[in-house]
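**Q** Chains A and B supply the protein sequences, listed in that same order. Quick note on the numbering used here: the first sequence kicks off at 1 and runs consecutively. Quick note on the numbering used here: the second sequence kicks off at 1 and runs consecutively.
Since the hints were made in silico from the structure, they are not lab data. Only a predicted model underlies this, so the values are computations on that prediction, with no experimental measurement involved. Each residue gets a CB set at the ideal place from its N, CA and C atoms; glycine is no exception. If a hint is listed, it holds; no wrong ones were tucked in.
Restricting the straight-line Cα-Cα distance to at most 20 Å, the calculated cross-link-like pairs of lysine-lysine (PhoX-like) are:
hint	chain 1	residue 1	chain 2	residue 2
1	B	K42	A	K3
2	B	K45	B	K79
3	B	K45	A	K3
4	A	K71	A	K55
5	A	K70	A	K55
6	A	K55	B	K97
7	A	K71	B	K97
8	B	K97	B	K45
9	A	K57	A	K70
10	B	K2	A	K57
11	A	K57	B	K97
12	A	K53	B	K97
13	A	K53	A	K71
14	B	K2	B	K97
15	A	K70	A	K53
16	A	K70	A	K3
Computed from the model, here is a short list of chain B residues facing chain A with C-beta under 10 Å:
hint	residue
17	V4
18	Q6
19	Q38
20	L87
21	V89
22	T91
23	Y96
24	I99
25	S102
26	G103
Quick list of simulated restraints, FRET-style, between CB atoms:
hint	chain 1	residue 1	chain 2	residue 2	range
27	B	S81	A	G96	28 to 38 Å
28	B	E15	A	E79	48 to 58 Å
29	B	N55	A	D26	26 to 36 Å
30	B	R76	A	K18	42 to 52 Å
31	A	Y50	B	A67	27 to 37 Å
32	B	R76	A	G16	51 to 61 Å
33	A	E56	B	E15	40 to 50 Å
34	B	A20	A	G40	20 to 30 Å
Listed below, chain by chain, are the residues.
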Amino acid sequence: DVKVTQSSRYLVKRTGEKVFLECVQDMDHENMFWYRQDPGLGLRLIYFSYDVKMKEKGDIPEGYSVSREKKERFSLILESASTNQTSMYLCASRTGVREQYFGPGTRLTVT
Amino acid sequence: RKEVEQDPGPFNVPEGATVAFNCTYSNSASQSFFWYRQDCRKEPKLLMSVYSSGNEDGRFTAQLNRASQYISLLIRDSKLSDSATYLCVVTGGSSYKLIFGSGTRLLVRP
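Make the full structure from the sequences, and use the hints.
**A** As structure tokens, then:
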């Protein structure tokens, strides 16, 4: 069974904290993605990576950075968390334009 | 204008009904099209790809109209378990990027 896992389901952080969200896939996919999902706005792409150590900005990269040191792992970093980064964060992976598999999501609350 | 637009609903239908959703997209260069399903508090999962000739998977039929830039999903004989949000998805200018609509919510009542 294919799997994308995320390090936490729920996370509460304080404003200004550095936050790490981890994502691991076991399908040997080249492409990995980080999205945030907010009511009425749908899924918005933050960053993606098409290979180890490669990264590309998505539509809303401000306030975020990413790291991909190994093929199976893609990390999202909030350098200094702010309340407007309270959201559901979804990691995904895929090969080519085939099915994209999502992790279960991390609901982050920044207070 | 959003790149992918969907009616948010909710569509509230009785069991056994036929229901159809449409989605429009703005990028005429989009090459691949999909419907994803997202249950409440769960991650999206692929429901079906959408092919130019139209395709069917059991009770679900997807159609693509490239000239008018819209995609449709028809669900026949609705089940309670079909209650979910249906996301229309298209590829953007780069094949790496999937553009997700905000979703159409379906509620199937007994």
